[in-house]
Amino acid sequence: MKFAAGVEFALASLRKRRLRTFLTASGVMIGIGALVSMISFGQGMQKNVTAAFKASDLFNTIVVMPGGGLIPFDDPDRGPRPEEKAGRADAVLDDAAVAGIARIPGVRMAYPDISFPAQVGLEGEEELRLVRVIPAAVLASNAAQVRWGKAFASDDEEGVVVSRTLLRRLGAADPAAAVGKTLRITSVSIDFSRLASLDLAALFSGRGLPVDREGYDFPIVGVLEVGAFGGGPGLAQNDILIPPGTSGRIKRLPFSSLWDLLRMRDGRLGYSAVSVKLGSLRDLEAVRSRVREMGFTTFALADQFEEITKAFYVMDMVLAAVGMIAIVVAALGIVNTMVMSILERFREIGVMKAVGAGDGDIRKIFFFESGALGLIGGAAGCALGWATSLIINRVINFILARQGMPPIDYFAFPLWIFVGAVAFSLLVSLVSGIYPARRAARVDPVVALRHD
Amino acid sequence: MNAPPIIQTRSLAKTYLIGDVRVAALEDVTLAFGEGRFVAITGASGSGKSTLLNLLGGLDTPTAGTIEVDGALISTLDRDALARYRRFGAGMIFQSFNLIPSRTALENVELPLIFANVDKRERKRRAAELLAKVGLAHRAGHRPAELSGGEQQRVAVARALANGPRLLLADEPTGNLDSRTAREIVGLLAELNRGRRLTVIMVSHEESLVREFAHDVVRLRDGRVVAAESRA
Numbered sequence: 000m001k002f003a004a005g006v007e008f009a010l011a012s013l014r015k016r017r018l019r020t021f022l023t024a025s026g027v028m029i030g031i032g033a034l035v036s037m038i039s040f041g042q043g044m045q046k047n048v049t050a051a052f053k054a055s056d057l058f059n060t061i062v063v064m065p066g067g068g069l070i071p072f073d074d075p076d077r078g079p080r081p082e083e084k085a086g087r088a089d090a091v092l093d094d095a096a097v098a099g100i101a102r103i104p105g106v107r108m109a110y111p112d113i114s115f116p117a118q119v120g121l122e123g124e125e126e127l128r129l130v131r132v133i134p135a136a137v138l139a140s141n142a143a144q145v146r147w148g149k150a151f152a153s154d155d156e157e158g159v160v161v162s163r164t165l166l167r168r169l170g171a172a173d174p175a176a177a178v179g180k181t182l183r184i185t186s187v188s189i190d191f192s193r194l195a196s197l198d199l200a201a202l203f204s205g206r207g208l209p210v211d212r213e214g215y216d217f218p219i220v221g222v223l224e225v226g227a228f229g230g231g232p233g234l235a236q237n238d239i240l241i242p243p244g245t246s247g248r249i250k251r252l253p254f255s256s257l258w259d260l261l262r263m264r265d266g267r268l269g270y271s272a273v274s275v276k277l278g279s280l281r282d283l284e285a286v287r288s289r290v291r292e293m294g295f296t297t298f299a300l301a302d303q304f305e306e307i308t309k310a311f312y313v314m315d316m317v318l319a320a321v322g323m324i325a326i327v328v329a330a331l332g333i334v335n336t337m338v339m340s341i342l343e344r345f346r347e348i349g350v351m352k353a354v355g356a357g358d359g360d361i362r363k364i365f366f367f368e369s370g371a372l373g374l375i376g377g378a379a380g381c382a383l384g385w386a387t388s389l390i391i392n393r394v395i396n397f398i399l400a401r402q403g404m405p406p407i408d409y410f411a412f413p414l415w416i417f418v419g420a421v422a423f424s425l426l427v428s429l430v431s432g433i434y435p436a437r438r439a440a441r442v443d444p445v446v447a448l449r450h451d
Numbered sequence: 000m001n002a003p004p005i006i007q008t009r010s011l012a013k014t015y016l017i018g019d020v021r022v023a024a025l026e027d028v029t030l031a032f033g034e035g036r037f038v039a040i041t042g043a044s045g046s047g048k049s050t051l052l053n054l055l056g057g058l059d060t061p062t063a064g065t066i067e068v069d070g071a072l073i074s075t076l077d078r079d080a081l082a083r084y085r086r087f088g089a090g091m092i093f094q095s096f097n098l099i100p101s102r103t104a105l106e107n108v109e110l111p112l113i114f115a116n117v118d119k120r121e122r123k124r125r126a127a128e129l130l131a132k133v134g135l136a137h138r139a140g141h142r143p144a145e146l147s148g149g150e151q152q153r154v155a156v157a158r159a160l161a162n163g164p165r166l167l168l169a170d171e172p173t174g175n176l177d178s179r180t181a182r183e184i185v186g187l188l189a190e191l192n193r194g195r196r197l198t199v200i201m202v203s204h205e206e207s208l209v210r211e212f213a214h215d216v217v218r219l220r221d222g223r224v225v226a227a228e229s230r231a
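Note that the protein sequences, when read in sequence, are chains A and B.
For what it's worth, numbering that gives the first Met the number 0 labels the leading residue of the first sequence as 0, then goes sequentially.
For what it's worth, numbering that gives the first Met the number 0 labels the leading residue of the second sequence as 0, then goes sequentially.
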């Protein structure tokens, strides 16, 4: 039997049993639909997170930390990575070290990571937040999106950039209107006037610390847009950005954490971390080894990204496994339909054999029929998965929009998802057709022709 | 019997196992039919007529003995070769017509041509020609349920002849027909037999039709040949 004739046979038979065809194909459709939305969700997440990472410029960044004892920001149960032990205890990240790092070929920029806790207030509302000191050049080159107003142009400009999230928490719903308003940053510093009359007994019970709080006013010059997933890692996660020159005006303690004090050597504190921006990721190894030679510890996100990719791979597998459950159910539906079809067409099979159909012809007829169910169900499943994802995406965005998140696509549909889904559906249906087709081919025509 | 035999059976036997009991449907059947003959096989029900016809038509395989058709040993063919024999070597018609209900008359006639890998256009042309030959050109687009018994059997005859076999096997073709239609159908078989040098083997117990049309008559009883007579 020719291919075209087989297809005609299959379609004629499916048309004849419309309801059953519809129900069986619906099973396949739901299975494939679930699989398509699951995988497209995994793809969407991966795409969004990857894009956020790439946009954040963190790929081209090495974080340099002082040598010696590391701050256990990681899982303390996990053994240290080899490179984490590389630092020398006496290597202090001071301004000279930063300048040295900046001179390494391939380094575009090196600047200390400084942030300090402060109380920020806007028109009476107050919050406790970390203030991040960031050079104007970094802010300009970085993907942190200043959506309203503009970034500060120089390291001494009198002004701060704040996040939209912070504004909302401070009760300013309209970010455009907030530009030009005054933000009050209240910091804590040592009150030297009280050092002379220190009451030690009170000090050890936590009262009478010789500290003082002082407020500073800065105009808001720009507002950061909130990115997807909180903007990904990087600058966009900070609520208040201030240029380094301007930040010098704020009196504050020279450390923000006790970790900093524990790390101190010979009274030299240094910075807790320095960000090094590379011109190109190709220079990563060279720059990193030069920095290590200086006795510092390094951390590059590019190394971590491989593990993130692996995590996504696992997530895709899990999502696909959930989708597979539906596919298995659909496959059983096909087997059931086809076996029923043999019983129903028992005599017809006998007739076809009597007029010259070989075992192969009968096998083909049943095989094509289940394949057609898979193709129809698979194509419909793609449409269903796509439509469902669009609806879910809209609902999520609708909900998140009320929390001020910009709309993004949580699902991604590269062409291979559709092609793969239809091909997979066809494959599953053909596998489901193997047993019924073989069974149909084995029908004895003499018995079948006697059958009523 | 002046022509060389187109069919030759030797010591043909068929036993069925029903539970643990062996039932002999045919025993020691040795027959030879010449090409272009109209052969009638008669006998009471259960005498083994249909079993013999199924063996000759390649639907079934014998327990013992041999069948030779046109010099080829049919009784030892594998399943695929047997299917080819049914497709090209022997056409069959049945008491209950055995048309496929969902297909039109024309599509039923096309069926053997599909299994013979004939292209669609050629298939349609040949099927229409065959329907015209059995006098049903005007009924080509009708489904079996819309046709009378006689018309259905004519469609079945056209279908049996689709791939141009030299042998037509008819299993009680008139069993479901009134006597006038029955005579028409057997008349059609006789006409095909005359015109095409087609060998016809018909199982029937309608003595009057057998007497009127058959050249050779084989009588079976309890699976054995009890008489084989040749006229003309």
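It is possible that some hints are incorrect.
With the Cβ distance kept under 10 Å, some of the chain A side facing chain B (calculated, not the full set) [to be verified]: (1) ALA310; (2) MET351; (3) GLY355; (4) ASP358.
Quick list of the computed label-pair ranges, beta carbon to beta carbon [stated by the list, open to error]: (5) ALA227(B) to ASP443(A): 26 to 32 Å; (6) SER147(B) to ILE324(A): 51 to 57 Å; (7) ALA80(B) to ILE324(A): 27 to 33 Å; (8) LYS1(A) to ASP177(B): 36 to 42 Å; (9) ILE390(A) to ASN175(B): 54 to 60 Å; (10) ARG179(B) to GLY359(A): 41 to 47 Å; (11) ASP443(A) to ALA226(B): 57 to 63 Å; (12) ALA3(A) to PRO100(B): 20 to 26 Å; (13) LEU331(A) to GLY174(B): 26 to 32 Å; (14) ILE433(A) to ASN175(B): 35 to 41 Å; (15) ARG449(A) to GLY194(B): 31 to 37 Å.
In silico negatives: residues of chain A with every beta carbon more than 12 Å from chain B [to be verified]: (16) MET0; (17) PHE203; (18) THR308; (19) LEU414.
Honestly, the hints are just simulated from the structure, not real lab data.
Glycine included, each C-beta is placed from N, C-alpha and C at the ideal position.
(request) May I ask you to check that MET0(A) keeps its beta-carbon over 12 Å from the closest beta-carbon of chain B? (result) violated, 6 Å
(request) Can you let me know if the beta-carbon spacing of ILE433(A) and ASN175(B) is within 35 to 41 Å? (result) holds, 38 Å
(request) Determine whether the Cβ-Cβ distance between ASP443(A) and ALA226(B) falls within the hinted range of 57 to 63 Å. (result) At roughly 31 Å between Cβ atoms, ALA226(B) and ASP443(A) fall outside 57 to 63 Å, so the hint is violated.
(request) Note whether the CB distance of LYS1(A) and ASP177(B) lies within 36 to 42 Å or breaks it. (result) holds, 40 Å
(message) Is 26 to 32 Å respected by the C-beta to C-beta distance linking ALA227(B) and ASP443(A)?
(response) Since ALA227(B) and ASP443(A) have Cβ atoms about 30 Å apart, the given range 26 to 32 Å holds.
(request) Indicate whether the distance between the beta carbons of SER147(B) and ILE324(A) respects the range 51 to 57 Å. (result) holds, 54 Å
(message) Does MET351(A) hold up as a contact with chain B if the rule is Cβ-Cβ below 10 Å?
(response) holds, 7 Å
(request) Quick one: work out the minimum CB distance from THR308(A) to chain B and report holds if it exceeds 12 Å, violated otherwise. (result) holds, 52 Å
(message) Using Cβ atoms and 12 Å as the threshold, tell me whether PHE203(A) really stays out of contact range of chain B.
(response) holds, 98 Å
(message) 54 to 60 Å was suggested as the range; check whether the CB atoms of ILE390(A) and ASN175(B) agree with it.
(response) For ILE390(A) and ASN175(B) the Cβ distance comes to about 59 Å; the hint holds.
(message) Looking only at beta-carbon atoms, does the pair ALA80(B), ILE324(A) fall within the given range of 27 to 33 Å?
(response) violated, 45 Å
(request) Tell me if GLY355(A) is really an interface residue toward chain B, meaning its C-beta lies closer than 10 Å to one of theirs. (result) Because about 3 Å separates GLY355(A) from the closest Cβ in chain B, which is inside the 10 Å limit, the hint holds.
Comparing the model with each numbered hint stated earlier shows that hints 1, 7, 11, 13, 16 do not hold.
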